[in-house]
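2 protein chains.
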Amino acid sequence: MTEALQPGSTIGILGGGQLGRMLSVAASRLGFKTHIFEPSANPPAGQVADQVTTAGYDDIDALKAFAASVDVITYEFENIPTAALDALEAAKPIRPNREALRVSQDRLVEKAFLRDLGLTTAPFAPVTDAASLEAAIAQVGTPAILKTCRFGYDGKGQARIMEPGDADAAFEAMQGADAVLEGFVTFTHEVSVIAARSVDGQVSCYDPGENVHKDGILDTTTVPARLMPARRMDAVLIAGKILNALDYVGVMGVELFVTPQALVVNEIAPRVHNSGHWTQNGCAVDQFEQHIRAVVGWPLGDGQRHADVVMENLIGADVDRLPELTKEPDCAIHMYGKAEAKPGRKMGHVNRITKAQAAQK
Amino acid sequence: MTEALQPGSTIGILGGGQLGRMLSVAASRLGFKTHIFEPSANPPAGQVADQVTTAGYDDIDALKAFAASVDVITYEFENIPTAALDALEAAKPIRPNREALRVSQDRLVEKAFLRDLGLTTAPFAPVTDAASLEAAIAQVGTPAILKTCRFGYDGKGQARIMEPGDADAAFEAMQGADAVLEGFVTFTHEVSVIAARSVDGQVSCYDPGENVHKDGILDTTTVPARLMPARRMDAVLIAGKILNALDYVGVMGVELFVTPQALVVNEIAPRVHNSGHWTQNGCAVDQFEQHIRAVVGWPLGDGQRHADVVMENLIGADVDRLPELTKEPDCAIHMYGKAEAKPGRKMGHVNRITKAQAAQK
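Going line by line, the protein sequences match chains A and B. Each residue of the first sequence is one higher than the last, beginning at 1 in the UniProt record's numbering. Each residue of the second sequence is one higher than the last, beginning at 1 in the UniProt record's numbering.
One or more hints might be untrue.
Since the list can't tell identical chains apart, any single copy or any two copies may satisfy a pair.
[Said to hold, decoys possible] Straight-line C-alpha distance at most 20 Å; calculated DMTMM-like pairs for lysine to aspartate or glutamate: (1) Lys355 x Asp86; (2) Lys327 x Asp129; (3) Lys327 x Asp302; (4) Lys346 x Asp318; (5) Lys346 x Asp308; (6) Lys346 x Asp106.
Simulated from the structure, these hints should not be mistaken for laboratory data.
Using the sequences and the hints, build the whole thing.
Have a look at this one:
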């Protein structure tokens, strides 16, 4: 356990949403304190953290004070401004590292990184102006999706181009931002691998989950996913290749499209991932604790799946179903402590244990 | 869900130790905020709670302000002064109720309550002075244990009387406190039932666990306990009888001695209990969430056991084994965030999943 932090140390977490909240709880279970840095007041993670700093990512003094108060820094989202990272990194280690952020903050850089690793991605081409969009359509074909290179999530910052005539409207939708045109992938379903890598290079992957989206937002993740055994192994090997290439420390979500020919890497997220929430009720050590273990330099925990689980997100008015959900057997409720249920807002999730697995001992 | 509190409400918790800490985390999982009231500075529960009040139980103003800030009040320990309870109860409901506290705060009252319910207890007699001790020894016989009526825990406030000649020394050890003499019970092992009762009178018990103590402190709890099926049912019925008699709301720990003839009720604790920690990794809904569900007026959750588990307390220097424990498969670590490991101090526990159970569907 070289470099390992001891219980009682403080983990700084950038971002105070539900991921920061569940990371904070997992950290406390291992005896660590947490300090949340979040621009918005009263963040969900603040309710379960030892300290909260409310300040913007442009407040360098606040960032420095935050860094001085913690032993290691991690994050719940990838869009952290470079200047903020510079200020933080001068004081304390940031895990996962800057390279993981650099790659995942930009769709074009990410796609190129994955392609250069020899992995299969959707066909893609850069789009910076009308002329390059025309060239991109010629290269990638239609139908295709135009996506901003940065700051897109849950389907935001995207426009479909079903035929070349849609190009102008799609380009307008980018509002001048650099973009990437991605060819459609005809896939049967989407799976994701939640993978972890420790400081000393140990890699551990959770069993892939199968994701279903609704209105561009993750609706359910089901484990086990529909995958042939050889494909299941491929999925894990792909994730391992990505983590090793980045000298990654922490948990990463790797989204894969399943086609008859291949596993196509859709995108990577250098953090705990919504599609890994099932691990809270399916494994001895969940993705949040696994991330914390990696970040503090501990050995990775036991991520073996001991149950079949269906995770369902509670979005917006879904929380009105809470009275019924509390009466359901084998249904674990996870609420995020958010005050107001707005359309599209992730309010919580439930993990339904559909079958317990006998131990393989 | 009459009387049910909604997520976003605040639960006040008296006591900021590890039980308050794990209650706080469970409450957050259901979307509740917590406010900890604790005389000591920097309590373990404070690291994961929304608010902390540091004040004594004699600080009536602080108690009133605390009560005003919460929607319901619960507690992690039973020795709350009566005046404090009076001040709190005038403002907000206290769950479990005052009657449960009155009974469990005094060993003599508790023993009489259990006997009057028709349950089997160790033979006992009150001891207030040397003469009553002589009479008690005549009635109960030796060997016996003299215990203070109040404020005893983890073997403290107890003295053994192996023969009548030990009486004087045992009486001295009580330091003038009212006491109760309890006859020895020759038992094969100890089990405990973690039972819960909801606001509307629903009762749910976890599978009994088998407890092993070391130096007067719980060392391990193993589920399933060694109990014949009929005895297992008896244990649950005993717990249900106690909860119903007290119109109890919340989780209670009921310790039972197993003898060839009977289940002898040793003691009850009107709170989550160390011997119920295994539920964190053996059930969809653990004892902490079950207690919170009861206290906020929700239906009880699914307490069905889905794994065999051995809980082991980490006492004092046991935490030095943490590096090894982090490498163990099927071993879930729960640390309490205490700064210093003193002899006898509960620093954390581990739950080892020894066998997963196939679901009974």
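Hint check, failures only: 1, 2, 5 and 6
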